[in-house]
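Participant: Chains as they are written, first to last, in UniProt numbering: chain A, 1 to 720; chain B, 1 to 720.
These are calculated hints, taken from the structure and not from any lab test. Misleading hints may appear alongside valid ones.
A pair counts as met if it fits within one copy or between any two copies, since identical chains are not told apart.
What the hints assert, rightly or not - As a list, the in silico EDC-like pairs of lysine to aspartate or glutamate whose alpha-carbon atoms are at most 20 angstroms apart:
1) Lys151 - Asp341
2) Lys352 - Glu391
3) Lys489 - Glu441
4) Lys151 - Glu87
5) Lys64 - Glu399
Read off the chains here:
Number of protein chains: 2
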Amino acid sequence: MKLIKTSALLALLSVAGINAQSLKSPDGNFEMNFQLKNGVPYYHLNYKGKTVIEDSKLGLRLIKDNTIAFDNVNKLPDGKNLNSDFEKIAENRDSKNENWAPVLGEKKYYTNHYNELSVTLNQPNEDRKIIVKFRLFNDGLGFRYEFPQQKNLNYFVVKEEDTEFNFPYDLKSWWVPADYDTQEYRPTTSLVSQISTKWESSFDSNASQTLVKNAVQSPLMLKKEVSGKEKPLYINLAEAAVINYPASHLEVDSENFDFKTHLTPDAQGAKGYMQTPAVTPWRTVIVSEKAEEVLDSKMIFNLNEPTKYTDTSWIHPVKYIGVWWQMFVPNRGTWNYTNIDNVHLGVTDYSKTKPNGTHAANNDNVKKYIDFASKHGFDAVLVEGWNEGWEDWFGKSKEFVFDFITPYPDFDIKMLNEYAHSKNVKLIMHHETSASATNYERWLDPAFKLMKEHGYDAVKTGYVGNIIPRGEHHYSQWMINHYQRVVDKAAEYKIMVNSHESVRPSGLSRTYPNWIAAEAARGTEFEAMGGNNPDHTTILPFTRFMGGPMDYTPGIFQTQYNYYDANSKNFANTTLAKQLGLYVVMYSPLQMACDLPENYERHLDAFQFIKDVAVDWDDTKILSAEPGDYIHTARKAKGSENWFVGGVTDENARDFTVDFSFLEKGKKYEATIYEDGKDADYVKNPQAYNIYKKVVTNGSKIKVHLARSGGYAISLKPIK
Amino acid sequence: MKLIKTSALLALLSVAGINAQSLKSPDGNFEMNFQLKNGVPYYHLNYKGKTVIEDSKLGLRLIKDNTIAFDNVNKLPDGKNLNSDFEKIAENRDSKNENWAPVLGEKKYYTNHYNELSVTLNQPNEDRKIIVKFRLFNDGLGFRYEFPQQKNLNYFVVKEEDTEFNFPYDLKSWWVPADYDTQEYRPTTSLVSQISTKWESSFDSNASQTLVKNAVQSPLMLKKEVSGKEKPLYINLAEAAVINYPASHLEVDSENFDFKTHLTPDAQGAKGYMQTPAVTPWRTVIVSEKAEEVLDSKMIFNLNEPTKYTDTSWIHPVKYIGVWWQMFVPNRGTWNYTNIDNVHLGVTDYSKTKPNGTHAANNDNVKKYIDFASKHGFDAVLVEGWNEGWEDWFGKSKEFVFDFITPYPDFDIKMLNEYAHSKNVKLIMHHETSASATNYERWLDPAFKLMKEHGYDAVKTGYVGNIIPRGEHHYSQWMINHYQRVVDKAAEYKIMVNSHESVRPSGLSRTYPNWIAAEAARGTEFEAMGGNNPDHTTILPFTRFMGGPMDYTPGIFQTQYNYYDANSKNFANTTLAKQLGLYVVMYSPLQMACDLPENYERHLDAFQFIKDVAVDWDDTKILSAEPGDYIHTARKAKGSENWFVGGVTDENARDFTVDFSFLEKGKKYEATIYEDGKDADYVKNPQAYNIYKKVVTNGSKIKVHLARSGGYAISLKPIK
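Full structure from sequences and hints, please.
Facilitator: Quick look at the structure:
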């Protein structure tokens with residue numbers, strides 16, 4: 001009897017009308033099934049034998065003809081879409097199991113282990129084909145569309161991608177409303193079935209916003225809640241490798257617990273201009289019974305291409321302070337040098353204007369920050385407001401808003417950099433673009449040249465306001481390409497980029513390791529502009545952080561702002577000890593101690609943790625986590641035996657037992673524990689904390705108590 | 001008795017409720033009256049005591065708030081508009097009478113003679129003011145809005161400018177329909193009252209078009225037709241100095257013979273982003289009883305600022321031929337090197353592709369053109385299709401479509417330029433941008449550097465297709481600024497610019513003399529794509545040419561294309577002799593002899609005129625002209641005693657008597673006359689021509705006969 005090959009068997013099945021392909025994860029827990037039903041492609045995902053994603057369609061709609069000048073993409077007829085009338089003409093399988101080392105990361109190596117299925121689909125009438133490529137990992141599924149170069153598919157315009165994620169049951173979700181221009185809303189926690197009713201109250205105003213009704217942003221965190229012995233399921237929807245394609249959002253059919261991709265449009269409503277060969281980003285579905293494993297997942301990075309940079313020695317972690325927070329708290333400084341309401345760069349003579357006396361980025365103040373940074377071992381000082389143009393930078397749709405090369409009269413760029421270098425500190429450059437992307441591109445070369453001339457190697461960019469080219473959005477294809485152009489050019493100059501208000505990362509730091517961090521979510525600055533919810537930092541690692549680090553800029557010690565203005569009733573929704581925990585819980589190779597030096601000086605004992613904590617890691621253990629509630633994390637510093645532990649909680653006080661079993665057997669460690677004081681409370685008594693030392697081994701356990709919106713941090717070093 | 005000053009008198013009139021200001025032209029023929037009626041500003045223009053423009057409103061509508069991201073400008077509320085609730089708070093008068101020398105021009109000096117009235121209008125509730133500035137010349141009126149920098153007016157967004165031009169009677173008009181993206185329609189001749197009925201049939205398809213219903217383009221030519229002894233009036237509406245503002249069109253109320261400005265919108269429908277101090281372009285109204293005087297008017301240039309360039313020695317006239325026309329006629333060559341349908345610049349290896357054998361810009365062919373140019377005294381050879389990317393350059397909305405620096409394998413840029421220079425010829429660079437303006441800006445520096453490296457000093461740019469940034473239009477504010485950026489950067493490199501598919505010139509060649517020509521209308525190339533009407537070139541000088549020269553690229557000798565393809569029934573709607581006349585009738589300092597060398601070689605006697613004709617002039621006389629019918633022009637070459645005469649007619653054959661009274665008294669000239677042959681006909685016998693010589697003086701007259709769509713040319717040199 002001839003052995004029937006799998007492919008022959010499948011061929012028989014095809015003949016029988018069952019046109020299905022099956023893929024399993026390496027450990028066999030996941031099974032993905034692909035099938036065509038009447039020429040329409042579907043996929044289906046099981047985990048441990050149960051449906052996680054029920055039959056969900058795949059496909060894209062196209063615009064008929066991109067040679068016509070059109071005002072409204074809805075006026076153009078659809079092209080023949082890439083979502084039906086398919087036949088499967090080929091399939092290929094592959095697999096990979098490798099370890100790779102990120103330039104900067106949470107572990108020394110990440111493991112990339114998957115089984116792959118590529119299905120080639122042909123539209124016989126159109127004589128054109130696409131490929132859907134699936135990769136199943138032990139932590140979930142990634143898939144994307146591929147468009148090979150071929151006679152009948154060279155250029156096409158995407159009207160919309162219609163990838164579905166249909167769930168068979170309701171799910172708890174942590175979501176922000178979809179928006180083409182901002183990611184800075186407070187997350188809402190609700191059932192998926194409640195999203196449509198809660199959508200209208202899920203956002204407040206922002207400097208640039210274009211909301212999408214009944215849609216949410218990705219990454220999206222979900223949970224199948226259970227009772228009894230059933231294990232819950234934690235599910236994360238995101239995307240990887242967003243290159244030359246718009247970022248995606250998720251339309252929600254609340255009644256049916258169904259999601260569908262919704263791409264960011266351009267100024268005319270078109271979604272993507274494609275030239276074959278082309279690929280879409282990977283759509284990712286991470287699934288685990290343990291929330292900790294979601295945080296541990298490196299799938300999004302695994303789906304990105306390895307870097308082609310031959311030399312990455314110039315890419316390094318950065319711990320920094322900055323002339324920045326003082327502009328957010330009351331009465332402590334401004335970005336602008338003078339108080340005029342109309343600037344013509346190159347014409348306005350700043351030397352003839354009246355200094356407002358509040359300009360923070362002045363020589364004396366910057367030197368104080370440099371002194372503090374040097375004294376306490378920080379790598380760098382960010383300086384915002386160093387350059388001409390801040391008087392009228394926002395809200396004017398002013399294209400030539402900054403030139404990125406002309407300092408204010410009281411910022412001596414040469415002297416300050418020399419001063420910093422003499423003290424083993426660098427300055428971090430600041431390029432607020434005011435979302436005038438066309439202008440920024442014009443100035444990139446002179447701006448980067450200036451940086452190198454004065455020894456800067458890192459820049460924080462910003463995109464506050466409405467994008468120019470007008471009509472484009474922060475996450476449209478053109479802007480995705482803009483952020484890429486900036487990173488590419490920065491790499492030519494060996495400059496690291498920390499981009500704010502840019503698109504949320506999708507693992508591109510694997511391919512472009514100089515893109516070391518981004519903001520792209522609601523960060524610490526909002527503690528001075530309305531506040532962040534106490535559970536904010538227990539959610540972000542499950543959402544925003546999945547595709548890459550965030551420059552969250554923690555470290556507020558002076559949480560109550562009546563310190564600055566006796567009439568202020570505002571405060572940051574956090575205890576001081578929680579701020580320390582964030583350095584471990586929220587991974588970034590670029591970490592800020594955001595507060596003013598004077599506030600650290602008044603708490604040097606607590607500040608010691610920030611001075612000691614590493615920002616680049618050989619290992620990471622997520623000890624315990626529940627989205628929206630708490631996260632406890634331990635990390636081992638790169639090239640060191642030192643470990644750091646951090647934990648944060650939401651609006652509920654909690655107790656937690658730190659189990660040190662991750663430590664090396666047979667070693668003793670001195671642990672310094674920083675925790676909320678007994679009566680600490682983020683509203684009434686945020687600065688109450690305890691610090692004590694203890695010798696521990698891998699058999700030790702320590703109980704910590706977290707106050708409401710509190711936290712703790714522990715630094716461990718081996719005892720010789 | 002105290003002498004009452006004019007201003008005091010006017011103040012008395014104001015008190016009396018007659019809020020009017022009057023301005024006269026230097027010769028007193030024009031009177032412009034400005035008045036506020038219930039706070040709304042109006043102007044009125046009389047010529048020789050009769051109304052030319054009846055009370056016409058002035059003003060602009062604004063968008064309320066430009067800090068909001070908006071999809072549709074119509075969804076935003078209007079701001080407090082700048083069109084009502086004004087009071088006049090000041091007026092100033094000025095005058096000027098100067099001669100100035102254009103770097104390249106139709107005369108050695110242009111005279112700039114006007115009386116000026118500036119009226120300052122205040123909106124008391126808003127506490128903000130604008131200025132309307134009027135200049136009355138002996139050939140008509142120019143006026144603009146000025147927005148001084150002030151507390152309550154720093155940034156504003158124009159929703160629409162509503163400047164009216166209301167006529168008291170019907171007018172004959174020569175018009176093309178308004179379009180945000182092209183100017184390449186055949187002109188329609190009709191009464192203004194017929195524009196609304198004829199609008200729908202006034203256009204055909206174009207590579208990039210966004211029509212505006214019931215609106216026409218400017219410059220617009222009009223004529224008040226009369227009977228009996230009354231003199232006709234020729235009226236031209238145009239604009240001068242379009243800088244950092246969109247180009248304007250004219251909405252038509254056909255019933256009432258009224259026109260109103262209609263600006264080109266951006267991607268969101270907004271018309272202009274303004275920062276004070278700011279000014280609009282000048283709106284110009286040229287009026288004369290003689291059509292010749294309209295062509296002679298230099299008002300639009302006079303309204304532009306003098307140049308700030310300190311060195312203009314690198315700006316010079318150019319007479320050129322080119323590897324170009326052969327790509328328009330059948331079977332004679334292609335821009336593209338190979339026949340593939342998908343190019344990735346920098347990835348596609350052209351050395352591995354199969355040359356199509358039709359690529360015109362190859363070394364051998366270019367050398368032939370260089371040889372021809374050198375032999376016949378031409379300055380330069382334009383070469384199109386020299387660079388990678390032509391295989392898929394059009395209609396794909398491909399942003400990275402050209403890099404402007406990588407030649408095809410068969411174009412040796414170094415060798416060809418050296419070869420050309422050895423023969424006293426330059427090459428002209430070609431930068432077809434495919435309307436991908438953002439891409440072009442990224443490559444400007446390397447592209448211009450390459451030009452200088454190889455000795456190019458002139459570039460022809462092109463903007464075929466839909467603009468990128470997508471949603472912008474060819475004549476929107478952003479693109480006006482783009483063209484300006486290109487010209488500014490070209491000036492840094494001492495490069496002259498000839499821009500095609502760009503905005504129609506508005507006299508900016510006075511301020512930026514390296515912007516030596518533009519296409520920006522339906523040119524000779526359309527003789528190979530549907531044909532131009534026989535009267536086309538009797539209209540364009542009254543419209544397109546008013547604001548600056550056009551690279552019309554005349555010189556077709558082989559008008560019938562069955563020469564290239566026996567099956568072709570197409571032909572250019574012109575006799576050969578008419579082509580010669582165009583070199584004098586249509587002024588440009590950059591003139592092409594467009595046809596293939598072989599066609600000139602078969603008619604070297606006629607070609608001699610093109611070799612002899614100058615392109616830069618000390619004097620110009622419009623001998624006789626009627627829009628849409630005929631133009632006869634005489635010009636004196638710069639720095640020479642040589643004169644050239646040219647004449648063209650429409651679809652009607654005509655006789656004309658050339659009166660040489662413009663020649664210098666007491667001198668004899670040898671005239672070489674090139675005219676249509678006795679039986680010449682643009683359809684049946686286009687290449688029939690006569691050439692003969694005659695000695696003339698300033699007392700001589702010569703009769704010429706022009707065939708249907710025919711013409712003639714005369715070159716004159718003094719006999720020693």
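Participant: If a hint holds in the structure, say so; if it does not, say that too.
Facilitator: Each hint, compared with the structure:
1. Lys151 - Asp341: between (57 angstroms within a copy, 8 angstroms between copies)
2. Lys352 - Glu391: within (15 angstroms within a copy, 55 angstroms between copies)
3. Lys489 - Glu441: both (10 angstroms within a copy, 15 angstroms between copies)
4. Lys151 - Glu87: within (18 angstroms within a copy, 67 angstroms between copies)
5. Lys64 - Glu399: Classified as between; 19 angstroms across copies, 33 angstroms inside a copy.
In summary, the structure agrees with every hint in the numbered list given earlier.
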